[in-house]
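2 protein chains.
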Amino acid sequence: MGQNVTQKLLQEHLIHGELTAGEEIAIQIDQTLTQDATGTMVMLELEAMDLDQIKTEVSVQYVDHNLIQDDHKNPDDHLFLRSAAKRFGLHYSQPGNGVSHPVHMQRIAKPGKTLLGSDSHTCANGCMGMIAIGAGGIDVAMAMAGEPFYMKMPEVMGIELIGELPPRVSAKDVILELLRRHDVKGGVGKILEYHGPGLNKLTAMDRHVIANMGAELGATTSVFPADDEIKHFLHSQHRGEEWSEWVADIGASYDIEETIDLSTLEPLIAKPSSPGNVVPVTEVEGEPIYQSYIGSSANPGYRDFAVAAEIVRERQVAAGVSLDINPSSRQILQDLTREGKLGDLIAAGGRIHQAGCNGCIGMGQAPATGRNSLRTTPRNFPGRSGTKEDSVFLCSPETAAVSALAGAITDPRTVQEREHVTLPTAPTVEDQALEPPLPYAEAQDVKLEKGPNIGNIPTLKELPDEFEIPILLKVGDNISTDEILAGGARVLPYRSNLEKISEFTYEIVDPGYVERAKASKDSGGHIIVGGYNYGQGSSREHAALAPKYLGLQVVIVKDYARIHLQNLINFGVLPLFFSNPDDYEQLQPGDMLQFTNIRNQLSASNKIEVSLESSGNTLLLEHNLSARQLDLILAGGIINWVKSRMETTEGGA
Amino acid sequence: MGQNVTQKLLQEHLIHGELTAGEEIAIQIDQTLTQDATGTMVMLELEAMDLDQIKTEVSVQYVDHNLIQDDHKNPDDHLFLRSAAKRFGLHYSQPGNGVSHPVHMQRIAKPGKTLLGSDSHTCANGCMGMIAIGAGGIDVAMAMAGEPFYMKMPEVMGIELIGELPPRVSAKDVILELLRRHDVKGGVGKILEYHGPGLNKLTAMDRHVIANMGAELGATTSVFPADDEIKHFLHSQHRGEEWSEWVADIGASYDIEETIDLSTLEPLIAKPSSPGNVVPVTEVEGEPIYQSYIGSSANPGYRDFAVAAEIVRERQVAAGVSLDINPSSRQILQDLTREGKLGDLIAAGGRIHQAGCNGCIGMGQAPATGRNSLRTTPRNFPGRSGTKEDSVFLCSPETAAVSALAGAITDPRTVQEREHVTLPTAPTVEDQALEPPLPYAEAQDVKLEKGPNIGNIPTLKELPDEFEIPILLKVGDNISTDEILAGGARVLPYRSNLEKISEFTYEIVDPGYVERAKASKDSGGHIIVGGYNYGQGSSREHAALAPKYLGLQVVIVKDYARIHLQNLINFGVLPLFFSNPDDYEQLQPGDMLQFTNIRNQLSASNKIEVSLESSGNTLLLEHNLSARQLDLILAGGIINWVKSRMETTEGGA
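In order, the protein sequence lines correspond to chains A and B.
No gaps in the numbering here: position 511 of the first sequence is 511 in the working numbering, and each next residue is one more.
No gaps in the numbering here: position 204 of the second sequence is 204 in the working numbering, and each next residue is one more.
Next comes chain A alone, as it looks inside the complex:
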């Protein structure tokens, strides 16, 4: 039986496990990408693990998120990231060079490779015949240190594309159709692999559009074949020699099968406030708009801007409509400028912004209260635009441009094509703002440039064998990571400063916690007790790292939310369960618990006994750590663990 592209790519990189849906597998990572919002912590982690040089084939640090420089913090972060890229052997993509995903596709992506990125739209590069997966920062740090990436083998959903898109219907409508069919959880636990004759008319960048928003379906990633179109694309990027063919075998099968007849699609739009809230544009036609927004990694191609330019050329946007143009990369911006498209967009009323993520991540361009914003971006979660009570629709560039002219949501098929957009025959190719790694010898001498807001990750200690520490906080069920450590503009600017950000820990729940926790550090730390679903919500790693920094040694709860559990393990906090959930009642803040022979206990069984000092009672607790996770805990977290592995490897070499 023939293999599909996903199977071929995973097989090629498989280190542990079998390619059976649901089984844990480990794959070798060839490339990584980090962006600036997640990258500063990743670089601090590399520093903390004493990494000498990255072990991937290529890793790139992009700066595309925090481009608004309101004060010193963002530019200081950029300088830090640049110095860390030089030190550890990464490429560095300067602010203004563009959004990671299209730049990576243009300059770095390579068929047959794996890419792990600390950005949820990393999957976009699946358009290049790659396995490209978004992950947490520490996972990406581990990949740079040469560790494989662990995941449960997803089901492969084969999406056969047939037919050809009608005029004014484009790639964005294809992925919106999938979201219409399956909604935002329809891709969970799946890899979406596209195949079929309909691919022939989809350019590499069209495929990027579709692969990118696989994230909105919750898919692990999206995969396209590396076919002649990709060969052509790489050739246009002067990288023709990096192409290799990755196509499904004849007779390849998929766990799930699905077909989209492109010729039957019409312009679609996701209404507020979910990417899955998709209807035909005709259903909301006439709604007045405040903003029309072209750009982002969900419509990053030259074509996406050029088709908007074709529509608005020698016309004017409706009075009062803000037409925001967010170029996705410097290369594309140069092509648009040279071909006159940028001029057409400006003349029609466009506001041109620097190349980057910008409003897609709420970094500027927020709409006015309650006004409709049409965006070619991938997400319209409530408030993501920056405006709390926003009203954001997601659509194609065609729909956004035609609606900008009308001042209201309008079916783009009502405006006929004056000329068909073609790609530049010789597109700009330049790596001016994509700095290559330094030679190894020079890299050794680079010092990390840390502005006043950039801290260190402290060395975490191994789990001691005996300790007696107090419960400092007891919380109830469903504590979210937002309650543990809030996000938002007040807290996030300190993402690179653990000492500072930890001051916000449990601020809302118990403002005295931070002081008590700090006081516990010298005498062995402390315990937090909680109920069910502890650590639900956002995956942010700081919610584990900040309390650890403040001396958190053990958490005892009824059960954990999955990602926070892994984050606690990664940072060396021992996560225990009550054997009997009713024991929750007998623990109180201030109680001292005595842990004896704990390293052996953990290794010997999943049950451990600790004694409650006040009563002398023994408390029965459990853990469900895998052997690898236990290693992390005993080592004092993943950074220590990988550090000692690297020492062993290097010592042995």
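Hints in this document: simulated from the structure, not taken from any laboratory.
Watch out, some of these pointers could steer you wrong.
Rough simulated footprint, nothing fancy, chain B against chain A, three-plus residues with beta-carbon under 8 Å [claimed, not checked]:
| no. | stretch |
| --- | --- |
| 1 | 15-25 |
| 2 | 72-81 |
| 3 | 376-389 |
| 4 | 432-441 |
Note that the structure is a prediction, hence the values are computed from the model and not measured.
Just so it is clear, CB atoms sit at the ideal spot from N, CA and C, and this is done for glycine as well.
For chain A, the structure is supplied; the task is to place chain B on it using the hints.
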């Protein structure tokens, strides 16, 4: 004896007084400009005075400052300003249309006219043979209501320009030379009038550069003749018929005379952190730079960007240097795009931002901590860039561009001209984003669009004749408007919301003041007692309006800072002095003061008596209100005063 241009222009608009330096004069205002940061309060003032329609020839509301839309507040302000412009008969310049000063020059400015603007660089349009003065928001509101502008007649400083600028030395170096000679207070109380044969080689936009930074010398304004160059400029803007000649008579004289031989100038640079800190570029050559920034109202012309493009074309900025390009107007951006200059700037590494003030006012583009930033902007006050510990140098586009290539401050004369920059023969002319006023009949029906953060200015009451109110706060000497009402990112977003912003009043000095003040409102208000130099510092009007809103009725101090005194008067707070400063000692918070027959007392003499309830003592106080100022106080502030004047006029018409 012949007249200079200043005298001719003022004579033409004189309503009261004589053109003798130091005398109070009142002049008729033909045009106004407001920008968004100051404009929202101005529009609320127009609303509060029930203005039906502006009485100026033309008034323009620009949106150029708060272009970063992080949340709903800025875009809501834009919509409010647009609706107010429509309601009251102003032009509205959309966000992205550019900086007020160059746009005004291109599309609105007219030789022989007066312009009052709520922006300190309004003086830039003095380049057009106009009297163009920056003023407080309420002054501009009054001008729109048809009131004249009052000021002390400045001395006229005649600056004779002779010779011709050498290569790589440009208009920016001329104004830097004046700052080098006279520093930042050298123009106080003066109008700088330029004349002489050196003008022949300075284009209209070159003159804009020089006129603009008259503000940095503290000058009332700068004046250039409306000569053939201005005729030519207006012709290029398709407004040739709006030209009229305004040149000095032969034999015209000036109060002060000065000469600059342009041929002797060299590239100059203002070191951190004052525009007056000027030295030759050669003196700081070699200092490494982080940023090179082209744009702002201080170098807004096509030429300023094109000369930078000529320098960097087919070259690359040094690695790690951020070359930020801030187009000043949509027209110029279109010309730069069409002529290939924008492409050259991007290809060399430029980050292109939307047309507007941007980093010049700390709205993005802040430099990294302690790194040198070279800017063509007008100001480098400490922290203005957004970075507290900044290091900003001011220079010409030539110096900024050449230094960007080198990565260090570099004399631009080291890079030879490859071709001479010429202006486009047919520059873009369009008013697409400059919306004209509505016809009067339609304007009546426009409702002001107020987002949730936009309040009202409450109706202020006339000063009662009898009242007995408590002292709620007693402060010492040198209280600044920052102590009365802080600026900064925490407070300023509420600039359009008096109720909300008033919550910050005297926050640092006495956190209980706001609650006590609110409680006083229903029983006639309250008094603040202070020492010398009360209200020093920033001119912000909110520092008077916010406490007034909270019930402040009377201030009694030893003496006042000039601008805050006028602001108190404008908003109907009675500003009194101690006849005997030692009486300061006998007043305490909580004391009740009884004011009897106060309206007559104020009109009859500058001395008034009030009685101190606790002791029964009589307190001798004074005022120094002019007849006009007294009218304002009796009316309950300038808004009431102008409102009743408008009613009288309209009733009488």
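Fill in: Outcome, coverage of the stretch 432-441 of chain A by chain B - at least 3 residues whose beta-carbon is closer than 8 Å to one in that chain
Holds: 3 residues of the stretch 432-441 of chain A have a Cβ under 8 Å from chain B.
Practice prompt. State whether the coverage of the stretch 72-81 of chain A by chain B holds or is violated, taking the criterion as 3 or more residues with Cβ-Cβ distances under 8 Å.
Written response: With 6 residues closer than 8 Å to chain B, the stretch 72-81 of chain A meets the three-residue bar; holds.
Worksheet item: Counting residues of the stretch 376-389 of chain A that have a beta-carbon nearer than 8 Å to any beta-carbon of chain B, does the count reach 3?
Response: holds (count 4)
Item to complete: Check, residue by residue, whether the stretch 15-25 of chain A contains three or more positions whose beta-carbon lies closer than 8 Å to a beta-carbon of chain B, and give the verdict.
Response: violated (count 0)
Figure legend: structure checked against the earlier numbered hints; the only hint not met is number 1.
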